[in-house]
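Undergrad: Mind docking chains C and P on chain U? Use the hints.
If you read the sequences in order, they're chains U, C and P. Each step along the first sequence adds one to the number in my numbering, with nothing skipped, and position 306 is 306. Each step along the second sequence adds one to the number in my numbering, with nothing skipped, and position 121 is 436. Each step along the third sequence adds one to the number in my numbering, with nothing skipped, and position 71 is 926.
Check the hints yourself; a few may be wrong.
Claimed, not checked - Cβ pair distances, simulated, as ranges:
{"#": "1", "chain 1": "P", "residue 1": "Leu975", "chain 2": "U", "residue 2": "Glu136", "range": "46 to 52 Å"}
{"#": "2", "chain 1": "U", "residue 1": "Asp257", "chain 2": "P", "residue 2": "Ala968", "range": "44 to 50 Å"}
{"#": "3", "chain 1": "C", "residue 1": "Val779", "chain 2": "U", "residue 2": "Gly169", "range": "24 to 30 Å"}
{"#": "4", "chain 1": "P", "residue 1": "Leu1055", "chain 2": "C", "residue 2": "Pro846", "range": "44 to 50 Å"}
{"#": "5", "chain 1": "P", "residue 1": "Gly901", "chain 2": "U", "residue 2": "Gly227", "range": "44 to 50 Å"}
{"#": "6", "chain 1": "U", "residue 1": "Val31", "chain 2": "P", "residue 2": "Ile1021", "range": "37 to 43 Å"}
{"#": "7", "chain 1": "C", "residue 1": "Ser628", "chain 2": "U", "residue 2": "Asn205", "range": "51 to 57 Å"}
{"#": "8", "chain 1": "C", "residue 1": "Tyr434", "chain 2": "P", "residue 2": "Leu1035", "range": "22 to 28 Å"}
Said to hold, decoys possible - If you want a taste of the chain C side facing chain P, the calculated C-beta under 10 Å gives, among others:
{"#": "9", "residue": "Ala424"}
{"#": "10", "residue": "Leu490"}
{"#": "11", "residue": "Gln830"}
Hints listed in this document are in silico derivations from the structure and should not be mistaken for laboratory results. Even glycine gets a Cβ: it sits at the ideal position worked out from N, Cα and C.
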Amino acid sequence: MNFDLPVASPGAAETDQLLGALLLISLAVLVLVFGLMALYGIRYRARSTAHRGAPGEKSWRFEIAWTTVTIVAFFALDVWGADVYMRQSQTPAHAMKIYIIGKQWMWKAEHEGGQREINALHVPTGRDVQLIMTSEDVIHDFSVPAFRVKRDVLPGRYETLWFHPNRAGTYPLYCDQFCGTGHSEMVGDIVVLKPVEFSAWLSANGEIGGTLADQGHTLFMRYGCSGCHETTEGGGGGTVRAPPLIGLYGSLVPLADRTVVTADDKYIRDSILMPASQIVASYPNLMPSYAGQISEENLVKVIAYIKSMAGETPR
Amino acid sequence: MSIAAGLRSDNYINHETTVRSWLVTTDHKRIAILYLCSITAFFFIGGAAAALMRYNLLSPRGALVSPEMYNRLFTMHGIVMVWFFLVPAAPAVLGNFVLPLMLGARDLAFPRINLLSWYLFIAGGAIAMFAVTYGGLDTGWTFYTPLSTNFSKGFVEVAALGIILSGYASIATGLNFIVTIHRLRAPGLTWYRMPIFVWSMYATSVLNVLATPVLTMALILIAMERIFHIGVFDPALGGDPVLFQHLFWFYSHPAVYIMILPGFGIVSEIIPCFARRPLFGYKFVAWSSIAIAVIGFFVWAHHMFVAGVSVYSALVFSLLSYVIAVPSAIKVFNWLGTMHKGYIRYNTPMLYALGFVGLFTIGGLSGLFTAALGADVYLHDTYFVVAHFHFIMVGGMVTAFFAGLHFWWPKMTGRLYPESWGRVAALLLFGGFILTFLPQFVLGYLGMPRRYPIYDPGFQVLNVLSSAGATILAGGYLLPMGYLLWSLVYGQPAGDNPWDATGLEWRTQSPPRVQNFSVTPRVTETAYNYPPPEQQEPMA
Amino acid sequence: MSAATRHREDLPGPETEFQYPSEREQHDTSMTGMWLFLATETLFFGGLFLIWLYYRYLFPAGFALATEHTEFAIGTVNSALLITSSVTYACGVAAIRVGDRKLLFRLAVATIALGVVFMLLKGVEWYLDIDAGMVPGPGFALRGPGSQGAALFWIFYYLATLLHAIHLLIGLGLVTWIALRARNGTVTRESHASVEIVGLYWSFVDMVWLVLYPMIYLAGRAG
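Excised from the complex, chain U in its bound form (with noise of 0.2 Å):
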């Protein structure tokens, strides 16, 4: 028998410590309930004669003290799993950044050097790991038991999910939403190594087709984005003007709807697909929508070309 769950980050410490204050209170409460049942369940069984005295007034003394301990103890719950949820959300700044895409019935993750892999994802201990994660058709679910983590990866959009793993091994990934025939196949290892042991392996495996912006940048020029947008090369910008995108990302971008949007993976990936749904201000509506031509991995690519043009060193 393995009961064994690792505790791989602090993170997957905080949430043991909320489980383990749940636990505490639904045993005290589990004791409380079957002990009174059982009480008065053979005390006052029809043939004891235990005195029974008058029928006790005032009732609504207990409604209202356990009604009110109950109150008090709930919302102690729930600040402090809110308390947990919150630092769940929050990625901390220069967390290092990787690319999960999900396809039935398969995981697929891109690091920023270009190293790929598939249904396995190599993570060093000691850093903030941001998974930047979309499907390719239904709604998946990035789960990492040893870290408590997980998290919904939906189709059109890009969700997030981070951790700290402070502990080297290797630990179960599974698919959390059913999505689908394979779904129980849709399974990976997470192996996190020293970071020496993690350098030593994105050299061994990168360099095929350049850093995720090198790729990037070649399929900027493959599918014609230079011919309007102007690029670090001081190339391109063609004939027809389009927004720039250099220190693009990350930016605050003013929109011809006089709203102001921050320029992050969604709104590359949305000006991509959607180019019209989101006009830059005083630049005309000309962009032809993509939606259809370029596939998830290769949007990720562009993104990260994008962003490098913005002082984001791929490491």
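TA: Just chains C and P now, kept in the frame of chain U:
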């Protein structure tokens, strides 16, 4: 009850005996029996699917069926159990039978709509069964898009039609109950004199009437999406797949309360009766049902904490999920308070009712885990959640249904079942249930995901334990089938009030006559007016 | 209730079913039932409207584009027709309350006529829409930016107007039934619950249209 005794030969069962008289009946008691037969069939179909799944999980590679087949099995299990057993079980069987009796009414307000409800249910059930058996359906009962719309090859549209029809059956029953409770109470039966079962039926019906149409709309959109590719839930066409989850849970979370609220009502009838005590905190128990029904509409997104909802909505929905747990906790304390200083008899219904309190408490406490955001991020979609909702739905509701069935069986049939067999079945159910589902909490904590026919060999021991428990549980469900049927022919005559219970349903004959009461009863006292202990001799 | 205040309606009548103590009780109970049914209908349409508004919020430009291609004139005339039909039916209810069956019959027929004209115009409108290529899919006439949102608009348009039309057809059947009952004298001043119930339903169908009208023809057109 001398008047009733004189009429005993003429009752709703033998008043007319042709098959046709049953199929065109508008008598609420006969419709309850029709529903009882139908949901029993569905219960065993859904149960058979569960048994096959548990058998398959004996081996980490799947002991029996292919993953594809397994997916169809759990889809069938979910659809049949939720929409064709749990939702209609207590309202359409027990509610239909006893609600008008409890109110002192001669029937529901709209008897023909009541019959229509059963036909809608049967038509929906037949269509859904066709979809899940002949066509095969592998989306899970949740129909998440875009799996159900763009990828599944099963008969999703057909199943949706079946579920929509059964939904209208629930709406018809719910509408009937609400109107009946408002308008057909016997003279003197004020709101605070009504049995808690009536209050819980009222709350259940409100949920049925207001939540079900939203599911209907969501299912219509799914069917349209499949047939015409309209793009409402398809991200490639600009749609939002998560929107479906909002619509689905806007119905399906209230549906959880549709399933469990009647259980609260049943147990609130039984515990006072067998503890010979008035229900502790009547008004708190009554209003907590209403509170659950109202708050039940505002917790749906707690199914979606990891599905891409915003942090702020997660915070709100988590808090509301804790809020809705308060009225449930209040009920448990009040049931315990009722037992205090009682004269407790351990007849079969009481054993089931106490089993309900225990299992529901465990299920409710596990809900505190999943309502805590940080914990849910880990536990969501694991076996922990499977165990949690089975403790509520099966340990809670199915046990309560059996409690109610055993409590009112003498009234429904005029016969007593063998008491010792009943007690054995109640204990089997409790033990089998614990053994089946307690290991699943541990499996969930260890990370085993839901809906996995093929799993990590490390999880095998706990799965085998769970499957072993399921075998005992199956015995606990089959046994009552045997002795209850036996009692129809060989059971002792029950008399009008075998449990010495209060409530108008016990003031008419067993089985009741066609229009329930020969003289409309008048109510002059509160519910559960069991004599105080001083005036009562200990039962021999 | 004391015997002195009893009216004929407080006693069981020929059409009173056994579960009711009096005709009035049956009447009031069936009204309660209809109101509850309308509550469930409200949630049914409410679900659709909510999704509609959600997508309008996501695709404001596309929805505005599509709205410009709707048949504004037909929609406006149809709104007027339905409102008028509710007036005629409401007058019919008032008529039977004072026992005027003939007037109820005439007003019911007028209501039917208005409803039928609405349906005919709706048919013409659908024909014009389809003819103009307002069918999402390969032959969709609206191209370029915003077409995605526009396609969703037209989906909602067809779904909502179809569901409304089905409700209206059922309503026409019910009003026809009332007209027949008015003619053969089954409804009276004392016993006319059916007239009131159908009135509630008919008004509800009207109300749904009054929500649909701005959502289809007006929002996004202004300016």
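Undergrad: All hints, please: hold or fail.
TA: How the hints compare with the structure:
1. P/Leu975 - U/Glu136: 46 to 52 Å: 48 Å, holds
2. U/Asp257 - P/Ala968: 44 to 50 Å: For P/Ala968 against U/Asp257, whose Cβ atoms are near 46 Å apart, the range 44 to 50 Å holds.
3. C/Val779 - U/Gly169: 24 to 30 Å: 27 Å, holds
4. P/Leu1055 - C/Pro846: 44 to 50 Å: 48 Å, holds
5. P/Gly901 - U/Gly227: 44 to 50 Å: 48 Å, holds
6. U/Val31 - P/Ile1021: 37 to 43 Å: 58 Å, violated
7. C/Ser628 - U/Asn205: 51 to 57 Å: Distance hint for C/Ser628, U/Asn205 is violated at roughly 40 Å.
8. C/Tyr434 - P/Leu1035: 22 to 28 Å: Hint holds: Cβ distance 26 Å, inside 22 to 28 Å.
9. Ala424: 5 Å, holds
10. Leu490: 5 Å, holds
11. Gln830: 6 Å, holds
Hints 6 and 7 from the list above are not met by this structure, while the remaining hints are.
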